[in-house]
Structure formats: C-alpha cells, structure tokens
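**Student:** Those protein sequence lines, which keep their order, are chains A and B.
Going by our numbering, the letters in the first sequence line up with residues 1 to 162, in that order.
Going by our numbering, the letters in the second sequence line up with residues 163 to 469, in that order.
The set of hints was computed from the structure by calculation and includes no laboratory data.
From a predicted model like this one, the values you see are computed outputs, not experimental measurements.
Ideal Cβ positions, reconstructed from N, Cα and C, are used throughout, including at glycine.
Some clues are possibly wrong.
Said to hold, decoys possible - Quick list of simulated restraints, FRET-style, between CB atoms: (1) B:E375 x A:P52: 55 to 63 Å; (2) B:E188 x A:F123: 39 to 47 Å; (3) B:K201 x A:K113: 43 to 51 Å; (4) A:K99 x B:P466: 53 to 61 Å; (5) B:N340 x A:R107: 31 to 39 Å; (6) A:K50 x B:Q350: 40 to 48 Å; (7) A:L60 x B:Q164: 52 to 60 Å; (8) B:N340 x A:K50: 29 to 37 Å; (9) B:E374 x A:F123: 50 to 58 Å; (10) A:G110 x B:E391: 21 to 29 Å; (11) B:S241 x A:I49: 52 to 60 Å; (12) B:G239 x A:T72: 43 to 51 Å; (13) A:Q157 x B:D198: 51 to 59 Å.
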Amino acid sequence: MTDKQSKQLIVAKIKDGVVIDRIPPGRSLKVLTVLGIDETYPAQVSLAIKVPSQKRPEGLKDVLKIANKELTQEELDKLGLIIPGAAYNIIQDYKVVKKEELRLPSRVQGILKCQNPNCATNFREPISTEFSLISESPLVLRCEYCERFLGEDYVSQLLYGR
Amino acid sequence: MQIRHLISIKHLSNKFVEKLLKSAREMEAHPEAFADRAKGKILADLFFEPSTRTRLSFESAMLRLGGNMLGFSSPKGTSVEKGESLADTIRMAHSYADIIVLRHYIEGAGRVAAEISNVPVISGGTGSQEHPTQALLDLYTIWKHHGRFSNLKIAIVGDLRYGRTVPSLSYVLSLFPNNKIYFCSPKQLRVRREVLSEIEGKVEYEELEDLEEVLPKIDVAYITRVQKERFPDPQDYLKVRDSYVITPKTLGNVKESFILLHPLPRVGEISYEVDKLPQAKYFEQAKNGVYVRMAILDYFLNYPWEV
Ligand SMILES: [Zn+2]
C-alpha cells in the first residue's frame with residue numbers, strides 16, 4: 001500500500017484547512033495538544049496513527065487533517081520543534097495551495113520558558129524569551145538572555161506538559 | 163564599528179581588546195593627560211548586588227577622568243526593593259546619567275538593560291554569567307608581564323562552574339591565537355558546557371583536577387574562590403578547599419616568568435606568605451582595574467578611536 005492509497009482509505013479529504021503529513025509515528029496526539037485542539041474544536045479533525053510510509057525512516061507515519069484551521073507563525077515554530085521533517089499543507093477548496101516542510105526554527109521567540117530560575121526572562125521585565133538553535137540532534141537551544149542551554153527532555157516537557 | 167554597550171566579551175574582537183588595553187596603558191603612563199575626559203559627565207552605578215572592589219574601581223576611574231557619579235551600592239532602601247523592574251530602573255538612570263555600570267545577580271540583566279537604555283551600559287558582572295571588565299583587566303595584567311596576548315598557557319583554578327569571571331576570561335583568551343587553558347577544578351565545579359561550547363575550536367583547553375601537574379609549564383595561574391554554599395556536603399568542601407590552597411611551597415617549581423592572579427576577594431585560597439613573592443600580582447591586578455576601567459569609560463563616553 002502506498003502513502004497515497006493509505007491516506008485515501010483512512011482519512012477523508014477536507015475542503016479547507018491544514019494537512020500535516022509525515023508526522024513521526026505516534027506523535028500526532030502531541031501535535032493536537034500543542035495546537036490546543038480538543039473536543040471543543042468546532043470543525044472536523046481526522047487523525048491517522050501509524051500508517052505505512054515510505055518517506056519516514058520508521059516506515060510509519062501519522063497524518064492529521066484539521067478543517068477550517070490556519071496555523072500562526074508561533075504554531076509553526078512550535079511544530080517545527082516537535083515534529084521537524086513533517087510536511088505542512090494548506091488546503092483551499094480541496095486543493096493543496098501551499099506545501100512546506102516543518103523545520104526546527106533557528107530562533108524561537110516567546111514560546112518556551114527558560115529553565116534557569118535566575119534568568120532575566122523569569123522576572124517581571126518587559127521582555128519575551130528568545131532561544132537560538134545550537135544543535136538539532138540531540139535538540140539543544142540556548143537562551144539568548146542567560147545563555148544557558150535547554151535540552152530535549154526539558155523542551156518536550158515544556159511543550160507537552162509531561 | 164562602534165560598540166554601544168559592554169555586556170559580554172563575546173561581542174568584542176581581538177582588535178578592539180588590543181586597542182582598549184593600549185589605551186589603558188596610555189592612561190597608566192600619563193593619567194594627567196586624561197583628567198578632563200569625563201568632565202561634566204555622570205556615571206550611574208547600579209549595584210543590585212554589593213561589590214566593593216568593582217564599584218570603587220569604576221568610581222575611581224570616573225573621578226580620575228574628571229567625571230561624577232550617582233547610584234546605589236545595594237538595592238536596600240531603593241525603589242528596586244519596592245519591586246520596581248530593572249527596565250524601569252534603567253529608564254530612570256539613563257535620564258540622570260551619561261553612562262551606566264550595572265551589577266546584577268540576575269543572568270541576562272545586562273541584555274535587558276542594553277535593550278532599554280539610550281546611554282551605554284557597562285556590565286559590572288551578572289550572576290554566574292560574565293564579568294567582562296574583570297577579564298579585560300586580567301588580560302591587561304597578563305600583557306603587562308608577558309608582553310603578549312597570545313602563546314600563553316593559563317590555568318584557571320577553583321570554582322569554574324559558578325565563578326562569573328571564568329567565562330569572560332575564557333572568551334577573551336580565545337580571541338587570540340595559540341593560547342591554552344587548563345581548567346582546574348573539583349568535578350562538581352567544572353566549567354559549564356555552555357562556556358565550553360562557546361570556546362570550542364577557538365582555543366585549546368584541557369580539564370583536570372590536579373593543579374600541581376601543570377604548574378611547571380604554565381605562564382599564569384588564575385585562582386578563584388571556592389564557595390562553601392556550592393557544596394551540599396561540608397566534608398566535600400573542606401577537602402576541595404584544602405587541595406587548592408596556594409603556598410610558597412606550591413610555587414616551588416614554576417617558570418621564572420610565572421605570575422599568580424586572583425580576581426579578589428580571597429578567603430584563604432592563597433596564603434598570606436605568598437603575597438610578598440614576586441609572582442603575586444593580584445594586588446597590582448586590582449590597581450590595573452582602574453586604568454582599564456578608565457579606558458572603558460573613555461571609549462563609551464567619547465568614542466576616541468575606532469576598530
Ligand atoms: Zn535564560
């Protein structure tokens with residue numbers, strides 16, 4: 001079964017919205033958490049977990065289709081942090097109008113909180129957090145204020161709350 | 163290019179550092195020629211954490227340049243104690259003064275201040291992050307004795323994890339070619355990985371626990387204070403403290419040109435008998451601080467030269 005067939009079989013097309021494809025297998029639920037999509041979301045959300053994929057090294061992928069949804073830059077940056085390599089498609093009237101690979105952002109602004117309790121960003125100052133990408137694998141980010149590193153475990157705990 | 167603030171050594175080039183230290187040497191040789199450089203100018207001292215040496219050294223430098231100062235030496239009794247943000251304190255200071263010296267226990271405070279301030283901000287040390295003017299005066303002292311910025315073998319000893327002078331000194335040494343740093347500390351106080359990653363590929367370094375094995379081959383030993391609070395177990399502290407005490411005997415095997423530095427204050431890392439040895443340069447180091455800070459203030463107030 002090819003990627004295309006599996007998608008057609010399992011997840012129906014949407015008219016307008018976003019399709020996030022080639023998600024590392026099993027991680028789509030985390031994507032929903034990060035995007036804040038739960039039972040109160042007013043439109044159709046389709047999810048396929050661990051379907052065959054030729055493009056992912058694991059041979060499996062998740063696919064997520066969210067109707068009537070546009071992603072903000074902040075949401076794209078968050079997704080770049082947790083599912084780099086996934087494909088992000090914008091759908092209008094059943095057609096893909098934009099397709100992009102999600103990448104680890106080289107700079108992350110305002111999303112993450114610094115781990116260092118003694119960092120200026122953790123005090124009541126008129127600034128937002130800023131991190132730069134030091135290493136992709138393992139994931140290492142550097143706080144641009146206190147210069148401390150954030151590791152993968154901390155970042156995922158921050159993003160998923162566990 | 164003009165540099166607007168001095169909050170990290172990482173923002174400086176070797177050319178800048180060289181010019182700055184040459185200007186400090188001029189000031190040391192002919193202080194009278196610079197007596198009016200800061201005339202009519204005001205320095206704001208914002209010391210959110212007390213530091214007698216750094217503050218007095220900056221004030222002495224400002225007075226020698228003919229300037230004046232205002233500020234506080236601890237947040238006690240100021241609006242800061244009432245919960246005012248650093249940003250608001252900076253907004254106040256930049257309307258009262260022409261240059262700000264900031265000492266803060268918070269890391270990243272230098273960058274916050276630099277983002278807000280319309281006048282130059284000089285870091286007088288932030289948390290365990292950096293202490294750039296200390297590193298500049300350290301290098302000045304080394305240069306005065308060895309006559310060079312490069313081809314130096316330096317041991318940095320003690321609390322390398324929390325000591326704020328350690329990152330700055332490592333960064334400034336990594337600006338010049340063929341230096342080698344021996345990071346000498348107990349295991350639990352090794353240099354932070356953030357600092358190592360910054361100097362990686364720029365300067366040769368080695369991490370070790372035993373100072374004595376490198377003493378005969380180094381040009382400079384830079385001793386820092388190991389603080390009791392860093393050790394959960396007081397026994398560990400006592401063991402470590404005693405293993406890094408410098409006595410005349412420790413220095414028996416050093417090179418003829420070897421010098422011993424310490425950012426001060428010391429609390430027993432260097433025994434008093436060492437003070438009268440020719441290698442002991444830590445008091446001179448403190449004195450050099452005034453000339454280097456004069457050169458820094460002159461640069462940021464007047465931009466007398468370019469790089
Ligand atoms: Zn931070």
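**Student:** Indicate whether the distance between the beta carbons of N340 of chain B and R107 of chain A respects the range 31 to 39 Å.
**Tutor:** At roughly 34 Å between Cβ atoms, R107 of chain A and N340 of chain B fall inside 31 to 39 Å, so the hint holds.
**Student:** Taking the Cβ atom of K50 of chain A and the Cβ atom of Q350 of chain B, is their distance within the range 40 to 48 Å?
**Tutor:** holds, 44 Å
**Student:** Has the hinted range 52 to 60 Å been met by the Cβ atoms of S241 of chain B and I49 of chain A?
**Tutor:** holds, 56 Å
**Student:** Range hint 43 to 51 Å: satisfied by the CB atoms of G239 of chain B and T72 of chain A?
**Tutor:** For T72 of chain A against G239 of chain B, whose Cβ atoms are near 46 Å apart, the range 43 to 51 Å holds.
**Student:** Verify the CB-CB distance for N340 of chain B and K50 of chain A against the hinted window 29 to 37 Å.
**Tutor:** violated, 55 Å
**Student:** Between E188 of chain B and F123 of chain A, is the Cβ distance one that fits in 39 to 47 Å?
**Tutor:** Since E188 of chain B and F123 of chain A have Cβ atoms about 40 Å apart, the given range 39 to 47 Å holds.
**Student:** Quick check on a hinted range of 52 to 60 Å for L60 of chain A and Q164 of chain B, using CB atoms only.
**Tutor:** holds, 56 Å
**Student:** Is the gap between the beta carbons of E374 of chain B and F123 of chain A within 50 to 58 Å?
**Tutor:** violated, 43 Å
**Student:** Okay, K201 of chain B versus K113 of chain A on CB: inside 43 to 51 Å?
**Tutor:** Because 46 Å falls inside the window, the suggested range holds.
**Student:** Per the hint of 21 to 29 Å, is the separation of the Cβ atoms of G110 of chain A and E391 of chain B within bounds?
**Tutor:** The hinted range 21 to 29 Å is violated for G110 of chain A and E391 of chain B, with Cβ atoms some 34 Å apart.
**Student:** Given the hint of 55 to 63 Å, is the C-beta distance from E375 of chain B to P52 of chain A inside that range or not?
**Tutor:** holds, 59 Å
**Student:** Please check whether Q157 of chain A and D198 of chain B have a Cβ separation lying inside 51 to 59 Å.
**Tutor:** holds, 58 Å
The structure shown violates the earlier hints numbered 8, 9 and 10.
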